[in-house]
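Visitor: Could you slot chain P onto chain B? The hints should help.
Number of protein chains: 2
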Amino acid sequence: MTIFVDMDEVMADTYNAHIEQYNKDFETCLTVEECHGKEVWQSVPEEHQKSIRKHAHNEGFFRMIKPIENSQRVLKELSEVHDVYIASAAMEFPLSLLDKYRWLDEHFPFIHWKKRILCGDKHILKGDVLIDDRSFNLEHFDGRSIMFTSPHNVHTKGFERVDNWNEVRELLMK
Amino acid sequence: MTIFVDMDEVMADTYNAHIEQYNKDFETCLTVEECHGKEVWQSVPEEHQKSIRKHAHNEGFFRMIKPIENSQRVLKELSEVHDVYIASAAMEFPLSLLDKYRWLDEHFPFIHWKKRILCGDKHILKGDVLIDDRSFNLEHFDGRSIMFTSPHNVHTKGFERVDNWNEVRELLMK
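Going down the list, the protein sequences come from chains B and P. Heads up: the first sequence begins at 55 in our numbering, then just goes up one per residue. Heads up: the second sequence begins at 55 in our numbering, then just goes up one per residue.
Okay, chain B solo, but in the shape it has when bound:
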């Protein structure tokens, strides 16, 4: 089975990284609870939004993000029995390309370079399963689309959903 796994907010806790960077830059105490149901940039005063939207353009931003809980253990297991590819729509942010590669080297060294995809849109992926936090990626996929819960997508309906990596394991390691 060919499984595509998104990076940001599925393997990497990008959401909390945005909050941390924001709190550092503006000396504030924004919490994930305050952002619930929205993008981080939508949860701050209008005059600060631009700053959050710039994070992804900063070299180093993607390099320091923490892996999502249990993603390493479960992805290792999955990749031993399935054809697991990492598919990140990173092209909008050229300075993220090498950061994302090095991040995988550090946290997911078992993901061979042959299994890494950095793309623009994901309409071109041919496989069986896509695990992603964004509906615009999931709705164009021909196979089984699984939404990984992130604070920004909690109100999105219409997709099979997992809340964490143990649930992914339950679904795909049977």
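Think of the hints as simulated: they come from the structure by calculation, not from any bench. No false leads were mixed into what you were given.
The following label-pair restraints were derived from C-beta to C-beta distances: (1) B:T210 - P:K228: 39 to 47 Å; (2) B:F164 - P:H194: 20 to 28 Å; (3) P:E101 - B:V135: 37 to 45 Å.
In the DSS-like style, the derived pairs of lysine-lysine whose C-alpha atoms are separated by at most 27 Å in a straight line are: (4) B:K104 - B:K92; (5) B:K180 - P:K130; (6) P:K168 - P:K130; (7) B:K92 - B:K78; (8) P:K104 - B:K168; (9) B:K120 - B:K104; (10) B:K130 - P:K180; (11) P:K92 - P:K108; (12) B:K168 - P:K211; (13) P:K78 - P:K92; (14) P:K228 - P:K211; (15) B:K228 - B:K168; (16) B:K168 - B:K130; (17) B:K180 - P:K180; (18) B:K104 - P:K168; (19) P:K108 - B:K168; (20) B:K92 - P:K168; (21) P:K180 - B:K168; (22) B:K108 - P:K168; (23) B:K120 - B:K92; (24) B:K120 - B:K168; (25) B:K168 - P:K92; (26) P:K168 - B:K211; (27) P:K168 - B:K168; (28) B:K180 - P:K168.
Quantities reported herein were computed from a predicted structural model and do not represent experimental measurements. Note that the Cβ used here is the ideal one computed from N, Cα and C, for glycine as well.
Guide: Leaving out everything else, chain P in the frame of chain B:
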């Protein structure tokens, strides 16, 4: 129609770039004619082969390669009527990722970031046409596989073949 186009030796004259770099490094006069039917590294003394195989790991190598004749003009035309994606198996060479992105910015600015794919293998591409110089990419593609002639593949049989970008235009702009 969704068309995938490989970069090296289809859009970018990587073959001649290897020869030029080799001649510079070893103060030799290797010509493309001497390499005919082989990889560049197979056309030099054994003790020099390693040096050529390292080119792709050098930051900057992919940045200075010349575009293949007529690739810019024909790809511009194609991308106005078809869904054209650039698909490069660049992941083996992490330092090439940003170089390849900037090279596209310079020589193919009309290729939007959404249409750029840097991957490991190309088995995961879903579309109608793949133009590539490597049989291991072409033979796994579900759609129409078109081999772009490069000195190293002149003896390869079994694929629809084009020798230049005017022939691509003939095939796909009808």
